[in-house]
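Asker: All chains should be modelled from the sequences, with the hints used to inform the complete structure.
These are the residues of each chain, in order.
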Amino acid sequence: MSEHSEHVQSTSSPLVYVAVYLALLAGVGLTIAASHLNLGVFNVIVVLAIAFTQAGLVVLYSMHLKRGSLLNKLSVGACFFVLLILVGMVLLDCVSRAWGSW
Amino acid sequence: MWLFLLTEVMFFGGLFTVYMIYRNWYYPAFVAGSHQLSIPMGGLNSVLLITSSFTMALAVWFAEARKKSALVLCLILTFVLGVVFLGIKGLEYKEKFEKHHFPGTHYSLQSFINPASDPVAVAAGDKALPQDTAQRTELFFSLYFAMTGMHAMHMIVGMGILAFMIFRARAGAYTAGHTQFVEYFGYYWHFVDIVWIFLFPLLYLINRH
Amino acid sequence: MSQISPVLWQFLVKWLTNFALFPPEASKIAPQMDALYFFIVLVSLIGLTIVVLLVASFSILYNKERHPNAVQIEGSTLLEATWTIIPLGLFLVMFVWGALIYFRVFTPPANAMNIYVVGKQWMWKAEHEGGQHEINSLHVPTGRAVQLTLISQDVFHSFSVPAFRVKREVIPGRYTTVWFEATVPGTYHLFCSQYCGTSHSQMIGDVVVMSPEDFKKWLASSTSGASLAQDGERLFASLSCAACHNTRQDARGPSLAGVYGSKLTLATGQAVTADDAYLREAILNPSQHITQGYAPIMPTYQGQVSEEGVIALVEYIKHLDSDYRVQQTTTTTDLLPESEGHAAPAGQQTVTQPPTTKGKVNP
Amino acid sequence: MSSTIVSLPDQSTARIPKDNYLTRENGILSWLLTRDHKRIGILYLISMTFFFFIGGALAGLIRLELLTPQSDLMAADTYNKVFTMHGVIMIFFFLVPSVPGALGNFFLPMMIGAKDLALPKMNLASWYLYMAGGLLALWAMITGGVDTGWTFTTPLSTHYVNTNVITTGLAIFIAGFSSIFTGLNFIVTIHKMRAPGMTWFRMPLFVWANYAASILMVLGTPVLAIAIVLVALERTFGIGVFDPTKGGDPLLFQHLFWFYSHPAVYIMILPGMGVISEVISTFSRKRVFGYTAVAFSSVAIAVFGFFVWAHHMFIMGISNYAVLVFSLLTMLVAVPSAIKIFNWAFTLYKGSITFETPMLYAFGFMGLFTIGGMTGVFLGVSGTDIHLTETYFIVAHFHFVMVGGMLMAFLAGIHFWWPKMTGRMYPEKISQLAAVVTFIGFNLTFFPQFILGTLGMPRRYASYPPEFQILNVFSTAGATILGVGYLLPVLYLVWSLKYGKIAGNNPWQATGLEWQTQSPPLTENFATPPIMDHEAYDYEWLENQKEKEVASVR
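Protein chains in written order, with our numbering: chain W, 1 to 102; chain V, 1 to 209; chain R, 1 to 363; chain S, 1 to 554.
These are computed hints drawn from the structure, not numbers from a lab.
All clues given are correct.
Straight-line Cα separation of at most 30 Å, DSBU-like style, residue types lysine-lysine; simulated pairs:
hint, chain 1, residue 1, chain 2, residue 2
1, W, K66, S, K192
2, S, K121, W, K73
3, V, K127, V, K89
4, S, K246, V, K96
5, S, K246, R, K125
6, W, K73, S, K192
7, S, K115, S, K548
8, S, K115, W, K73
9, R, K120, R, K217
10, W, K66, V, K68
11, V, K99, V, K89
12, R, K120, R, K216
Answerer: Encoded structure:
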């Protein structure tokens, strides 16, 4: 499974990983804390925002996307776009069914 | 490898879509279902998986730095953390089976119709749900089992590869410059971690106040 | 040869006598839909002719014998733009036109006469308000908007009447509606067009369109003795609904008189209109449809009432606002006020839409 | 046809090159364990021909049954199983892998001047997965069949049938992996393995088309996989996700299913469009008119392809708002196809056209695909969709696109590249006859179905009202002719393996890199790695090249 042939020695120091690790642990703590607050609809938004930040950290640093090729960045972008379409359009249908005919 | 992970994203994406819709429709049932899940266990699992992801990242780094024993140690740590994660998951599953929260013919609504009978529900301060709402908790548990099950399946596959890698790493296979396999496996393991990062708040942490 | 030819002959004769390119137009919407259909056919034909002409004439003009050396041409932005924009424009016209018709078909007029249809493997069951039941057939009058409220007991079916140009998926667990106004008396095909299992192709029937007078006669002759609402009343009593849903001061449930068609505020703060679909949901999944000010104590009737039962209950609640008994017994036939049937020409309903309430729902 | 561009070497002296990918290694194992993309392409070709004829035989049974209004040849449940398996086999085991699996595997690396695909082992794995899936599907068919229709509509497929749904689902799941692997491989190959000088806009349009299709495969297939997994879980455990009695929404399944299965239509047709671009350019000796427009329309189709899936569900109770949005987007996706058709037509303009078999198939494609595409508009327009959906109109529509479009393109490609694959020409006259027979048979089979659909005959009916019989008889008669049209190529192509004329390197005088090497090619494709120093479809470059060769020989 090789797709970047221009594989470089990823010399990012383990310090980055430690930082990411700590940030992720903090994220877990934060989500648990946030879920105990009563924020109404914002609960899910806050929780998802934290989750996306965490995922972003992992993707960018642990998975080296930040230093990855343009192709990788593009394809990740494309994938999230398509995923967004899937979730968004299905939700559009299911939510708007309740709106009645007009 | 990235492209392969993207297919995985779409695979789980389908599940998340289903989850989003039902959560939107049957929110009270999802809250009650979520309260049946144990935050300490789920939280501990989060920590475990994040740690294993960390050790995996270190493993990649050690492989590139050509430090064999450190690499093997990190891989073993990753593996052990994975085993513990699955063990805890197994305990959680076992509890659900005993309470008949596994969807299907034996599904029981007791904890939701009559929360007083269930210490977990009492602890969460759940009120009794009307029967029709309670029935929707089955959907929650369906999705819970489907999503965590798929996730666990990915972990089991990953740990199979991990075992193979430990074996090869001890023979010095990855510390001679060919680190790509370790690196790609690392991507896979991080992906599994990311899925859990989303699963944990979405399943365990619905409306805990 | 001598054996084959009579068969062939028969075929040809049959074909020539029965030949049709499209089914009879027997509803008000049919000519409108056919107009769009022929518009698209026309556009397609023109498009096809252009392509065929281009290919044929280029093939003749520039075949190798006549034109041994090809001239390399890069392309032409102007031409590209032409065949991007013209088709796009045409497609957009079709889209708007199609959408208008779509909403006409699926937005019933207010004064439509309601018939319930239950689909199950593998038959259609139609229930008229007057209690007339039909299996695999549907009798409707001409000149009157008929709204069908459809539901399936098991799998997806699809209620299709080609002569009316209407079709609607019949879904388990949810009412769908479609309406039409028949114009030409006759007997037409009724198909299930969504594959629904082994005997899918047997799930067919007849739609009988009658003149209003004949329809009255038919209603009178095929009544089962009790109207749908009366069936519903019986069920209402046997399920002891009235124990809570009554007009007493200390009633545990809201009174249902006049509830149909009214705007309700739910316990969740949502505003909804109590229509058929809402009533059905409220019977089967009550806790999500609690009216403001009441406790969620109503048990679910999921699995205890058949779809026909739910329909009867809905119909009963619908008629609670008035002295329905009098109405029903005197006349299932009064359901056909000749004057009203023509009052609101069907098609115009969608064009002048009343302002919507979508903002209020779903905060 | 008096004029032709075919230039064959002198038959008395010409020999098939001794060293080529077919002769390099021998024995069954050398085929079964090969990593050569060309051999894998041949494996795909053989196995999918096998599946095509099984699917075709089932189609024959369907048409025979529909000869009479009663269900007399088969009982209704048998008929249901037959059309289900026809759909499953034709779609998942023939159409989806056809052009990418056989022609794409074989020629895509050659066209970009690579010596193999980027991931040869994965390529072989994808063939094994394909075979595993295919055999599992056949096994499911033999041990009782499945009668849900290829769409597996819930709750019918989850609660109301007792047939091999899970086995068939598993077969499709496995085949899905095969198609993901192929797609992955193509994307990586196109990005990483292009020859020096092969810039993006020098790639043949066939490569562009396959690239677009690969994106769809990679991103769409997993969603189908999860839908199938959920159906299987529902059947085994009763998890209720699609069960209305438990609060599930059966429509959600259709959302997930069509999220893959609509783009799948483009997975099937896009590579076919790529073939047509190659063929039309070659036989009119001209660069494809508006190369960039055609290339980008492929990508546009791929992107828009993801937006339109719910037009399969207009009458199924999705919300009116969703209908509006999806109908509008469907109109947009029709435009790139129109662009392509017109560009192909204008490629002919001032060309120098000859009418060999591939070109005849390409003309057939253009006519039939135009009809197929336009009838798609009838179904994308929400108003007419109400009347026409779920009838024979839709059956005719997608057969025009899939069989009239895709299969014509596949046959065009097979004939076009046959000399390159085998080193021998197919017999020209009889193959032209086959092309014409196919075209006539096809129209006779499927055109009456448009009328049947407009008249309202629903699809998937084992028996039907007698007034529809005459058109059905026409259709069945046409199917017989069509069957002959498909059998002929198999016969004469096999015949040509031994007796065909020796083709030489470039019988069509085409410009693609694949034609600049020997036929059949070496295992490593090119003796020296090629350098792309000209634009795609540059016939003047080819002329110069020939002159140079002549000069150097002297």
